[in-house]
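A.B. asks: Assemble chain B onto chain A, guided by the hints.
Residue-level listing of the chains:
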Amino acid sequence: MASYVARIQRRPTRLLGDLFVIFMLVIVLIWAVFPLYWGFINSIKFPADVYGSKWIPVLQFEPTLKHWRDLLSQREVQNAVKNSVIISVGAGVVALILGTLAAYALARFRFSHPTNGNLTTWFLSQRVLPPVIFVTPYYLLAREFNLLDSVWALVILNATFNLPFPVIILSQMFREIPREIEEAAEVDGASRLQVFSRIAVPLVAPGLVVSFIIVMAFSWNEYIFAATISLKESIPVPVVIAGAESTRGIDYQLVGVRTTLALLPPAIMALLAQRYIIRGLSLGAVKG
Amino acid sequence: MTQQAVPRQMEGALSVAGRIGGRDRAKYLFIAPAVIWILLITIFPLLYAARTSFYAFRSGRMLRYVGLDNFRRLLEDEALHDDLVRTLIYVAVVVSVEMVLGFSLALLFNRQIRGIGSLRTIMTLPLFASPIALGYLGQTIFYEIDGPMNQLIRSLGGNGIPWLSHPTWAFVAIMIVDIWQWTPFVFLVALAGLQGLPQDVIEAAEVDGASGWQRLFSVTLPLMTPILWLILLLRTIDAFKVVDIVISMTLGGPGRATELYGFYVFRTARRFFNYGEAAAQGFLLLFIVMLLVTLLWQRIRAIYEPER
Chain A
1 MASYVARIQR RPTRLLGDLF VIFMLVIVLI WAVFPLYWGF INSIKFPADV YGSKWIPVLQ
61 FEPTLKHWRD LLSQREVQNA VKNSVIISVG AGVVALILGT LAAYALARFR FSHPTNGNLT
121 TWFLSQRVLP PVIFVTPYYL LAREFNLLDS VWALVILNAT FNLPFPVIIL SQMFREIPRE
181 IEEAAEVDGA SRLQVFSRIA VPLVAPGLVV SFIIVMAFSW NEYIFAATIS LKESIPVPVV
241 IAGAESTRGI DYQLVGVRTT LALLPPAIMA LLAQRYIIRG LSLGAVKG
Chain B
289 MTQQAVPRQM EGALSVAGRI GGRDRAKYLF IAPAVIWILL ITIFPLLYAA RTSFYAFRSG
349 RMLRYVGLDN FRRLLEDEAL HDDLVRTLIY VAVVVSVEMV LGFSLALLFN RQIRGIGSLR
409 TIMTLPLFAS PIALGYLGQT IFYEIDGPMN QLIRSLGGNG IPWLSHPTWA FVAIMIVDIW
469 QWTPFVFLVA LAGLQGLPQD VIEAAEVDGA SGWQRLFSVT LPLMTPILWL ILLLRTIDAF
529 KVVDIVISMT LGGPGRATEL YGFYVFRTAR RFFNYGEAAA QGFLLLFIVM LLVTLLWQRI
589 RAIYEPER
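The listed protein sequences correspond, in order, to chains A and B. Residues in the first sequence are numbered consecutively from 1, following the numbering used here. Residues in the second sequence are numbered consecutively from 289, following the numbering used here.
Because the hints were derived from the structure by calculation, they are not lab data. Be careful, since some hints might not be right.
[To be verified] No more than 20 Å apart at the CA atoms, straight line, and that leaves these computed lysine to aspartate or glutamate pairs for EDC-like: (1) A:Lys232 - A:Glu76; (2) A:Lys82 - A:Glu233; (3) A:Lys232 - A:Asp149; (4) A:Lys54 - B:Asp434; (5) A:Lys287 - B:Asp488; (6) A:Lys82 - A:Asp149; (7) A:Lys54 - B:Glu432.
Here chain A stands alone, though its shape is the one from the complex (with noise of 0.2 Å):
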């Protein structure tokens, strides 16, 4: 009741301020959605239209897809989408089957030496790793084992890097599933492994579906370790932005279109998954 009151007494206040917030909230979206919309408007412009303030496609300028064209036709850059997708996707798939497993043991059994939280802590602290300071193992060790240029490598590199993603996300999640579920599955005579993959993987489908997309994603923005080991046959799309003279300098539409190859992908995957991201990235902290 007394609360009702004041909010009454506040009302005048409470107009400002919610004026106010959404003043913020445009301001916000602005803020965020702008370089990409930058890079994108240009990638579709012709030369003429890059200058004045034209930001409308269609009502503004009249749009063009020949910087899409004669980007995609280069042999170059198709190689490099294919050898990104690669990595991202591969990159997904080992770091999902290593994580789910060790997101199981640590949810569901006892560890003492290490205990489980030792455990948690140790995969978490792949994250805290910089990877420059692999940049001279990695590439003194690719060069002798033969792994230089191998895209297979790249794999590897990212799956290990992004592991803690999908060991936090999906501990967790497996930790909510009530353990009656599994128990009685266990009395009616499902073994170990046919608990895990029938009953507790399925239960957590939009983890994995989440883990896979944050792996993917950073996996295909990942340039440190694609400049080291990548030299011709296995260079991805960030590598391939950087090498091109064009993305130098001012050529508004070259840099647009470049940058909005890598922009993309990873922005689409972001707004399919939303769910558990934050839970994620912020490594368990929140349960957003």
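C.D. replies: Okay, now just chain B, sitting in the frame of chain A:
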């Protein structure tokens, strides 16, 4: 099929018992692949890098054992010290701005409004943006003659800013890119944290007549402390690791104005092929990061404690 049914049933009963005692063998089969994988792919290369750091290299070939020379050079290399100081400034500025801005926005939007779901969705976009692509995009956005940043400033009546040719402004420009990309992270995690707070405590404070600021400082902030420490830790570590944006946006220039430590290490290895020194430089970065984690871990372990 029928032959297997009986042993399986026994195994099931056993495993329920084994689980309680923690003596279950199967658990090692689940955890082992990931543990072995990490030992092989990160721990072994780290040891290999440790060995490398005691050797001199010339154009990519191992020459001879030099003991601690590469580490001694860390102390003498003035360019490296400059870059380290620059990196500390960079980390301090971007992380503070991101924390303050992100948390303020989270407080502002922590209410029932229509469209908050789509706001959250859209705010995840920057987190997934490729830093390499962002750097090149940054070159056009901050382009001094007619890039959108200077167009905006001019339309507001200001003079254009020499974003990429002036040392200080170039440093500011790469910081803006980092702040653009990672403020949403602070915002989203803080917002999720705020929404997970026990609502009855906050409502009780409201009923007791606590003002908005009182509620913020004596109820919300203390409850949010562990999560804010975690955000701070993750952001600080990631800010120390920045390499990509420097490579794609400024290449460390103009002069050495935007040379961050990670970029310095990367260049030692990839441009100068001095793997011994690069390894030593890398270990300094690892040491700094580990120090931070150790210092901050005590404050955030509370988040993971109830799970254990």
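A.B. asks: If you draw a straight line from the CA of Lys287 (chain A) to the CA of Asp488 (chain B), is it 20 Å or shorter?
C.D. replies: Given that 20 Å is the threshold and the Cα spacing comes to 18 Å, the pair holds.
A.B. asks: Mind checking the alpha carbons of Lys232 (chain A) and Glu76 (chain A) for me, to see if they're no more than 20 Å apart?
C.D. replies: 9 Å, holds
A.B. asks: Is the hinted pair Lys82 (chain A) and Asp149 (chain A) satisfied, with a Cα-Cα distance of at most 20 Å?
C.D. replies: Given that 20 Å is the threshold and the Cα spacing comes to 14 Å, the pair holds.
A.B. asks: Lys232 (chain A) and Asp149 (chain A) were given as a pair; does the straight-line alpha-carbon distance stay at or below 20 Å?
C.D. replies: Holds, at about 7 Å.
A.B. asks: What's the verdict on Lys82 (chain A) and Glu233 (chain A), does the C-alpha distance respect the 20 Å limit or exceed it?
C.D. replies: Answer holds: Lys82 (chain A) to Glu233 (chain A) is near 10 Å, not above 20 Å.
A.B. asks: With a cut-off of 20 Å on the C-alpha distance, tell me whether Lys54 (chain A) and Asp434 (chain B) pass.
C.D. replies: 13 Å, holds
A.B. asks: Holds or violated: are the alpha carbons of Lys54 (chain A) and Glu432 (chain B) at most 20 Å from each other?
C.D. replies: Holds: Lys54 (chain A) and Glu432 (chain B) sit about 18 Å apart, inside 20 Å.
Every hint, counting from the list given before, is met by this structure.
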